[in-house]
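Bring the two chains, given one by one in their own frames, into a single complex with the hints.
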Amino acid sequence: MPLHRTTPEGYPVLFAQGNEACVYGAIHAGCNFFAGYPITPSTEITEGMAREMPRFNGIFIQMEDEIASIGAVIGASAAGAVAMSATSGPGFSLMQENIGYAYMVQLPLVIVNVQRAGPSTGLPTKLSQGDTMQARWGTHGDYTAIVVAAATVQETYNVTIRAFQLAERFSTPVVVLLDELIGHMREKLVLKEIKRLTPVQRTFPKIPPEWYFPYKEPLDMVAHPAPVGEGFRYSMTGLIHDKSGFPTAIPSEVNHRMEILKNKIMMHCQDIWNWKEHYTEDAKYLIVAYGSAARAARGAVETLRNRRIRVGLIDLKTIWPFPYRPLPQIAEKAKTKRVFVAENNMGQLIHPVREALPQNIKVHGIRRYDGYSLDPYEIVQLVKEKIYA
Amino acid sequence: MHELTDIYEYLRWRKRFPTVWCAGCGIGSIMGAIIRGIKDLAIPKDDIAFVAGIGCSSRMPVYLDFNTLHTTHGRALTFATGIKLHRPNMNVLVVSGDGDALAIGGNHFIHAARRNIDITLILINNGIYGMTGGQVAPTTPLGARTHTMPYGNIDPAFDSVELALAAGASFVARSTVYAIMQTTNYIKKAIKHIGFSMVEIISQCPTQYGRLNNTANPRELLLWQKEHAVPLATAKDMSKDDLKGKIITGVFRDTRQSEYTETYRQYVKKVQAEMEE
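Listed in order, the protein sequences are those of chains A and B. Read in order, the letters of the first sequence correspond to residues 1074 to 1462 in my numbering. Read in order, the letters of the second sequence correspond to residues 362 to 638 in my numbering.
The shape of chain B in the complex, shown without the other chains (with noise of 0.2 angstroms):
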């Protein structure tokens, strides 16, 4: 029997190994870097509350011993809306697939960036719709097939941080997989983060994205995330034609505003104190 890591204390190893998860998919590889980001801030098991709905990703809550929720599909910022304004003092994590979070989940993704309620949203991207067999997302790649797009996508792709920066979140930033630090390093940060976070995290899904488009070997794939991903610093000074095709990566936003349990409670003490006059 292999070592135990330092991270499987955080896990329900015993209970519900092995994960639902593909041989080479990237969702276990962000598992393990939310776990060292919440081990390195040392957040008490018992302050996490972690919400998903539904998906590939959204599996996730099962298999970590924190206080888990798993909810229905694209719902899940609904329900940490509730446990956040219930329960203020809690940690509140949702982790959300890109159909999840992007398609059944728009209304929902837009309006808690609008409140910019304390909720750290991870949006796990892999372009498609895995847990169902490999249907087209709203960020599938234009011309990429999938089996409800068998002869290439034609549906324009979202572009999560985009959305996310528009609607009015506090902390977006995205990364990749393949960096795996910088990943754990951003998790930290939109936790730590007081406000609505989100960190879209670029994975590949070798089962089916990949199958269907070109390899199905995680390697390539992985490595077709180094190749693509350019900083923020970079890409900066890039032309929209040389970006065509590339993941940006970075910090987008990371500023300090009115969170909306925090004004909640002023406005209690408002109404309050007009009651005693």
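Just chain A, with the same shape it has in the complex (with noise of 0.2 angstroms):
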């Protein structure tokens, strides 16, 4: 770590990228294992892991492609790593069938994508949110994801730390959906976790490996299969298993298995669900977003609070499981009229909080997609036209 200030409490200051802040996130988290292809706009993540890793006892291997690079992230947490890899949206789309492996036997794993504008090669140095929908029917079938976001540096490192904790917790792959502008953008990062926390440990079976079945949910319905090679042998497979592990066809088995996949996280909503909130209290129209989109339109919000207009923002921190029963709480108290979804993609967002306002509430589009970020001029334009039309 270079020379750096420090905050009176002791805590490092450094001005950071946002993909500089997601590998110190991943450090102080406790990650030991990092498998990536570099891609724009999340290469400094995998270069800052091949620099970081080997300093702290921990693996970094760049593999062939990105199909590799999650392969063997799947394997090394099967083997008990604290496992991550970082890409972008090609890279994401070439990972898929792999996440949709990771989902079904319940490993733990870290994925970031910084959000590059698509389809196929895109803009490839220019921002997009157009992942938003992919980080959560990515892969084919039926499963529930976790997808968290930042809008800031600052928010990166944090976030990131938390990713780890929600994949080990819950058993399963965790997405870092940030983009271009937060991966490249240089902000004040303080790293505050560097002491006080204690790096995520895999969670190892307590029972004699006779009576160990990998796949037997206790009653939060989170399995932890026990890592590889470490006396619990049992099948891994990407059939639908039964909780031995095996594969089966049985459809009573099958159902448990999918829902499992559903409600073991849909069960733990309010301990994943995180989001912001701007002038909400009052907030006649309320704008949702997140990552950059949510920075342009916070500068909105200010722009037309000083011009006495009733805005407020909710800055999504966790998108999927989407906040299907917090959002029209929020909209509720507040007596909000219409809601505003600002994403830069074509409307992605705007489906889930469509689906979970009543009919009353209009909900309008403010998308960008040239490959640049919102203004917050564009959002205070259209937000009055909708007001005043």
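Keep in mind the hints are simulated off the structure, nothing from the lab. Don't be surprised by glycine CBs; every beta carbon is placed ideally from N, CA and C. Check before you lean on any hint, since a few could be wrong.
Short derived list, chain B residues pointing at chain A, Cβ under 8 angstroms [what the hints assert, rightly or not]: (1) Leu402; (2) Lys406; (3) Ala410; (4) Asp426; (5) His431; (6) Arg436; (7) Thr439; (8) Ile444; (9) Pro502; (10) Thr624; (11) Tyr625; (12) Gln627.
The structure is reproduced here in structure tokens:
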């Protein structure tokens, strides 16, 4: 770590990129395995991990492609590592099949997706939030994903640490959804967790191997399959499996497995949901956004408030599971008339927002998809247009 | 009930049998060879990670009492790489079919060989996609009929041994199901070997390959292997024309080279020493 200033409490203060913040977050969360493949705009994470991992006795490997990267990450996670990979749109698409495997066998891992504009090669160095839906529905079949986001460099650091904690708590892949702007932007970063935090530890079974069933869920529905090589020999398969891990096609067992994959997240929504509110108490008009779009929306809200227009902002830190229950509650409390969804794509986050809100609240999209960040002034104009229409 | 042989302690036979494999398939014999090899080497079951992708042969981990991972199609070697890096003391075995390792997983195959990471790859080559019902594989001989080459295959075949040698694998061998003792022997050598080891085993698929090409009789297919196998020593004196259509068997390379997990450990030591300075 370079020479740095400290806060009065003794925490290091840096002027760092979002991608660098992500690296520090991963290390302070106890990450000890990273496999990746360079791709703009997430390369700084891969480079940072290459620099830091050997210093902390961790493993860094640059694999032959993103499919191999996520494969190695899942393999290491199966062997008990606290593992992570970082990529961007095209790489995230390549990873999808194996991410589905990780959902099925219920292994904890973290995937950072620094979004860029798509489809295909798109705009590699420009910003987009086009993977909002892919992060939720990317792999085939039904499952429930945990996707977290950040709007500042400091939040990137905090959210990366949280992603590792969530992954281990729910034994599932967690996607950290950043975007090019957050990844490449430099801001003040306080490394608050450098001493205080205990690194994430993998959960080990406490019962003897002969009684052990890897997928026998406890009451909270979260099974933690034992790491390979600890004396618990069992079958891990991407096929639908029973509690002992063997393939099954019995309808009742298939139903059970599918319900577990969904409910182990949904029943713990309260612990996963996370958002920041700005001026929502009396918000007649509400903006919902995340990441860089939320930064622009924040500016717009300040401007509109100065003009005595009662606008509030919900800045989502957990995108999936989507806060279906809290959002209408906030809107009802504030007697909200209209909701605006600001995003850097052609309209993805607007769908769950529309689904969550009652019919009498009108939902409008504020969209930009030319590779540049939303302009606060642009948002101000659009909001005023709709209000005074 | 027949007497249980010594390999049963390595099988999940009470839970998972019968297998998915057809009568006359070679994969069962190879599974027996792998078990006998491991038994001879006296490796504890807990120290073995057995990884496979998707396909007929890749169903093997479900039946074996090791730490088994049945992963995604073609990607078994990447999962194995992750396991080996995090637990360098484990014996990591990968079983792969010809489609799994050479078509969809070709990239991972050459890169695992290039790194010379200590993984044992047992490549079961039956020249066809069996599980999906008999489609052309990258190892299907020219002219052979398959469901996606119904008028005879026009795609030239891969030679996995040459591929592994060129990519830098430090142990490369080939055998047949017919020569099952030789196969067991090579598997043992490959497991003991430090570095990336590949054993290609020519197997028979009576249900798909045999049925579409002349004979579905496993006995005849096994005799074909016997007739066409040429030991490496004999093959050296034979001309290219004589070797056409033959299977050259033997150990093609057995050298000790720097192994990836060892190299990585040295790299970490070097980095940390520089840090202290």
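Here is how each hint holds up against the structure:
The restraint placing leucine 402(B) at the interface with chain A is violated, with a minimum CB-CB distance near 17 angstroms, outside the 8 angstroms limit. Satisfaction of the interface hint for lysine 406(B) is found here, the shortest Cβ-Cβ separation to chain A being roughly 6 angstroms, below the 8 angstroms cut-off. Checking alanine 410(B) against chain A: minimum C-beta separation of about 5 angstroms stays under 8 angstroms; hint holds. Taking 8 angstroms as the C-beta cut-off, the interface hint given for aspartate 426(B) holds, the closest approach to chain A being about 6 angstroms.
The beta carbon of histidine 431(B) comes within 4 angstroms of a beta carbon in chain A, closer than 8 angstroms, and the hint placing it at the interface holds. With its C-beta approaching chain A no nearer than about 5 angstroms, arginine 436(B) sits inside the 8 angstroms limit, and its interface hint holds. The interface hint given for threonine 439(B) is met, as the beta carbon of that residue sits about 3 angstroms from the closest beta carbon of chain A, less than 8 angstroms. Checking isoleucine 444(B) against chain A: minimum C-beta separation of about 4 angstroms stays under 8 angstroms; hint holds.
At a threshold of 8 angstroms, the smallest CB-CB gap from proline 502(B) to chain A is about 29 angstroms, leaving the interface hint violated. Because the closest C-beta pair between threonine 624(B) and chain A is about 11 angstroms apart, greater than 8 angstroms, the hint is violated. The criterion of a C-beta within 8 angstroms of any C-beta in chain A is met by tyrosine 625(B), whose closest approach is roughly 7 angstroms, and the hint holds. Taking 8 angstroms as the C-beta cut-off, the interface hint given for glutamine 627(B) is violated, the closest approach to chain A being about 11 angstroms.
When each numbered hint is compared with the structure, violations occur for hints 1, 9, 10 and 12.
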